[in-house]
Amino acid sequence: MRPATVALGIALAAAFAAPLIGVYPVFLMKLLCFAMFACAFNLLLGFTGMLSFGHAAFFGAAAYATGWLVTARGWGTLPAILAGVAAAAALGAAIGALAIRRRGIYFAMITMALAQLVYFVCLQAPFTGGENGLQGLPRGSLAGLLPLKSDVAMYYVVLAAFLGVYALIRRIVHSPFGQVLKAIRENESRAVSLGYEIERYKLVAFVLSATLAGLAGSLKALVLGFVTLSDVLQANSGEVILMTLLGGTGTFLGPVVGAGLVVTLEEYLSDVVGGWVTVIIGAVFVACVLLFRRGLVGELAALRSRR
Amino acid sequence: MADELILETRGLVKEFRGFVAVGGVDLAVRRGEIHALIGPNGAGKTTVFNLLTKVLSPTAGRILYAGEDITGLKPAAVARRGLVRSFQMSAVFPHLTVLENVRIALQRELGTSFHFWQPESSLGVLDQRARELLAEVGLEPYARMVAVELPYGRKRALEIATTLAAGPRLLLLDEPTQGMGHEDVDRVAALIQLAARERTVLMVEHNMNVVARIADTITVLQRGLVIASGPYAQVARDPQVVEAYMGADADALGGVPA
Ligand SMILES: Nc1ncnc2c1ncn2[C@@H]1O[C@H](COP(=O)(O)OP(=O)(O)OP(=O)(O)O)[C@@H](O)[C@H]1O
Ligand SMILES: [Mg+2]
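Here the protein sequences line up with chains S and H, keeping their order.
Per the numbering used here, the very first residue in the first sequence carries number 2; after that it's consecutive.
Per the numbering used here, the very first residue in the second sequence carries number 67; after that it's consecutive.
Because the hints were derived from the structure by calculation, they are not lab data.
Don't take every hint at face value.
Unchecked claim - Distance ranges between label pairs, derived from CB positions:
(1) S:Ala94 - H:Arg128: 48 to 54 Å
(2) H:Asp92 - S:Arg201: 33 to 39 Å
(3) H:Gly245 - S:Gly105: 47 to 53 Å
(4) S:Ala284 - H:Thr163: 37 to 43 Å
(5) H:Tyr218 - S:Arg172: 19 to 25 Å
(6) H:Gly177 - S:Leu147: 38 to 44 Å
(7) H:Arg83 - S:Ser306: 30 to 36 Å
(8) H:Arg303 - S:Ser306: 56 to 62 Å
Here a beta-carbon is modelled for each residue, glycine too, at the ideal position from N, C-alpha and C.
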C-alpha cells in the first residue's frame, strides 16, 4: 500500500475512534464543520480558479435559516438542515449570477459587497435576533430515529456528512463537469472557442460550492446550539480563505489540514493568549505564504512528486 | 450563388478608440475551399478572426455564416455552429494531458458536460476518437504527457487536433505554422489539406510556400483594407499587392518564408 493510503486509513480510524478515547467531541465537530466549509470553498478557488470573498454569506445564511426553523418554527432537524442548504443554494445562485460576469479582483469585490449586504440583513431582520443571534437550538433527532442530544451521536452524523461532502467534491472534480472546470481554469478563451458557455459552468460551480458551504453552516449551528453574527461576518469569509491557502488550494486534503490547524490554534491558544490568537494565526499565515506557497499539503505533494 | 459561400462579411469595421484596425472588409469564403488571409504585420488579420468568432464585436458591418446572420451571437454559440478557431498564440490547456486536451473538445457532443455526479471514466468512450485525431497530427505517442511539457511545434499541432475535435464546418487557423521547423510545416500543411476535404478552411499564414501550395483563394489585407482577392497567380501579379505588401517584404512572393 502507498504511504498516502496508509496515512489516510490511520486518519480515518482516528476520526472514528476520537470521541471514544476522550477527545472533546464538540471541538471535533467544529473542526469538521470548518473543514467542510473550506473544502466547499476550495471547490471554487482551487478547482475553478474563482476567489470568493463572501463565502460566510452562504455559511451564515444556512445557519440562520436552520436555526430559525428549529427554534421559532419547531421544524425537525433534517428538514431544517435541508431548508438551510436550499437557502444557501438560492443565495449562491443570486450572488453567483451577479459575480461571475466579472473576473479576478472584481469578482472577489462583488462577492464581498453582496456578502456584506447579507450581513446587514442578518443584523436588521427581526428573525435573526440581531446582536444576540439565535440561542438554544435544539438538535432534535435524525428523522425521529436517532436522537442527537448526545455529543457522540451528533459527532458521527457530522463525520458522516463531512465524509459524504469530501467524496462528493472528489467526484465533482473528477467528472465530465470537473473536466470542463479545469479547462476553464486553464484557459478561459480557449474553452469558449470550443463552444463552452463558460458562465453557466461557473455558475453551477458557484452554486455547488455555496450549497456545501451552507451544509457546513447548518451543521455548525446545530452542533453549538447557537447562531451569531460572527457566522455571517466578513472575518469568517477571510478565515476560510486562510484555511484553504494554509493547507493548499487545489488539493483535496489541504483545506481539511488548514481548517484543522486554524480551529485547533484558536481553540487552545485563545485560553492562553486571549485576543492575541488572531495575531498569532496571522503570523502563521504570513510564514506559510512566504515559506510554502502551495500550502502545507501542496508542498508535501510537490516534494513527493520530485522524488 | 449565395449558397456557394459559407462565410461572408459586409463592410466589417473595427475601431479601437478611433484607430481603425479593420476598415470595411468584404470577405467571401467559398464552401470547401482553403482560403488564405495574408498581409503584413498589424494588417488586421487576427482582428478579423476575433470579429468572426465574436471575441470582439464589430463597430459596423455584418457577418453571414451558412446563410445566417451571426453578427449578434455570443462566441460559444458561434463555435457550436461549427465556426471554430485556433489562436495565433498557442492556446492549449497546459496542465491537462495531451489526450484530455483533445477530449475536452469532443466532450461537448456527449451532452454530459454538466454531469458533476458522473465519473471521469464515462469520458473513456471518447478516447479512441481522441487518439485517432492525435495520430493525425503525429502526437499519439505523447497522449499521456502533460501539454505544458510539449515542445512549441507540437503544442501547435495539439491545438490543431483540438480545433478539429470540436467538429468545425469552417476551420479558422491563425498562423498554424508559425515558429515551426521545416518538417513540422510540411506535416501541418498536409494536415490542413486533409482537413479541407470535409470542411472549409480560412487561414492566416505568413509562409508563402504554404499559401502557394495549398490555398485556393487568397485575400490580401493591408492596414485594415482588402487590396486584392483571388487565386494565387492572379493576386501575385496584382501591382498593388506587389507594391504595397511585397514592398515591405520583397522576397515573400518568391517563396522564402518570412
Ligand atoms: N485589443 C486591441 N486594442 C487596441 N488595438 C488593437 C487591439 N487588437 C489589435 N489592435 C491593433 O490593430 C492592428 C491590427 O492588429 P492584428 O493583430 O489584427 O494584426 P495582424 O494582421 O494579425 O498582425 P500579425 O501578422 O502581427 O499577427 C494592430 O495595429 C494592433 O496594434
Ligand atoms: Mg495576427
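Quick rundown of the hints versus the structure:
no.	hint	result
1	S:Ala94 - H:Arg128: 48 to 54 Å	36 Å, violated
2	H:Asp92 - S:Arg201: 33 to 39 Å	35 Å, holds
3	H:Gly245 - S:Gly105: 47 to 53 Å	29 Å, violated
4	S:Ala284 - H:Thr163: 37 to 43 Å	40 Å, holds
5	H:Tyr218 - S:Arg172: 19 to 25 Å	36 Å, violated
6	H:Gly177 - S:Leu147: 38 to 44 Å	40 Å, holds
7	H:Arg83 - S:Ser306: 30 to 36 Å	47 Å, violated
8	H:Arg303 - S:Ser306: 56 to 62 Å	59 Å, holds
Violation of the numbered hints given earlier is confined to hints 1, 3, 5 and 7; the remaining hints are satisfied by the structure.
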